[in-house]
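> Here is how the chains run, residue by residue.
There are 2 protein chains.
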Amino acid sequence: MANTSVDVKELPACYVFVADVPGLKNSDIKVQIENDSILKISGERKREDGPNVDVKYVRVERAVGKFMRKFNLPANANLEAVSASCQDGLLTVTVPKVPPPEPHKPKTFDVQVATASVGPK
Amino acid sequence: MANTSVDVKELPACYVFVADVPGLKNSDIKVQIENDSILKISGERKREDGPNVDVKYVRVERAVGKFMRKFNLPANANLEAVSASCQDGLLTVTVPKVPPPEPHKPKTFDVQVATASVGPK
Numbered sequence: 478m479a480n481t482s483v484d485v486k487e488l489p490a491c492y493v494f495v496a497d498v499p500g501l502k503n504s505d506i507k508v509q510i511e512n513d514s515i516l517k518i519s520g521e522r523k524r525e526d527g528p529n530v531d532v533k534y535v536r537v538e539r540a541v542g543k544f545m546r547k548f549n550l551p552a553n554a555n556l557e558a559v560s561a562s563c564q565d566g567l568l569t570v571t572v573p574k575v576p577p578p579e580p581h582k583p584k585t586f587d588v589q590v591a592t593a594s595v596g597p598k
Numbered sequence: 478m479a480n481t482s483v484d485v486k487e488l489p490a491c492y493v494f495v496a497d498v499p500g501l502k503n504s505d506i507k508v509q510i511e512n513d514s515i516l517k518i519s520g521e522r523k524r525e526d527g528p529n530v531d532v533k534y535v536r537v538e539r540a541v542g543k544f545m546r547k548f549n550l551p552a553n554a555n556l557e558a559v560s561a562s563c564q565d566g567l568l569t570v571t572v573p574k575v576p577p578p579e580p581h582k583p584k585t586f587d588v589q590v591a592t593a594s595v596g597p598k
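One line per chain: the protein sequences are A and B, in this order.
Per the numbering used here, the very first residue in the first sequence carries number 478; after that it's consecutive.
Per the numbering used here, the very first residue in the second sequence carries number 478; after that it's consecutive.
Don't read these hints as lab results, they were simulated from the structure.
Hints may be right or wrong, so weigh each one.
If several chains are the same, the list does not tell them apart, and a pair holds so long as it fits within one copy or across any two.
Unchecked claim - Each computed BS3-like pair below joins lysine-lysine, with the alpha-carbon atoms no more than 30 Å apart:
#1 K533 <-> K547
#2 K507 <-> K517
#3 K547 <-> K582
#4 K523 <-> K584
#5 K533 <-> K517
#6 K523 <-> K574
#7 K502 <-> K547
#8 K582 <-> K507
#9 K543 <-> K582
#10 K533 <-> K584
#11 K574 <-> K547
#12 K543 <-> K523
#13 K517 <-> K582
#14 K584 <-> K502
#15 K486 <-> K533
#16 K523 <-> K486
#17 K517 <-> K486
#18 K517 <-> K584
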């Protein structure tokens, strides 16, 4: 299984997941939400050679194979608005936050000044 | 220092070096030949945020910083024709081979049939 390093950062309006996926394109990567609370990133890295039999590997350091990472999402994650994009071998998944409910403002009432008549009519 | 994994492969006509450089572009990477025999790949990985102070890192796994790798090149490497390109977070350096000298073919001579006169003139 290929190792895939991921940074997670929090911004005022969203959470952002950044994964190193060198050599992969959008179509090679799957981003899913499981159980309404888990972000799952998966895919597979392959060698680029294809059926080229004339290649002899002198040194092999890059990891290939399937990879999968899961992250618990916070309660305020807006699962309907998750977006993902891949560029220059970096996958970026953006999970917007649900805006917090408006705080309950104390209610204020105008005090009516009642003009009371004093004494018997 | 950021780790940078490199595969080295040999093809019939060239050597190919493939390095994982997620998030980097052509202009972020330096490819040099030192002492007519050493391939040097160097660069720097940075976080993408810039001066954004509203970012809070919840998890940090991706390595950043300067990186450098050196490789001895074989004697038949054609240093005048090295090329490098970067796409989808993969750097590919191609070092063509100098074609081997033509093997010395055995020389053949036609045997002249001398018409010798036999006996005294």
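> Under the constraints set out in the numbered hints, which ones does this structure not fulfil?
3, 4, 8, 9, 10, 13, 14 and 18
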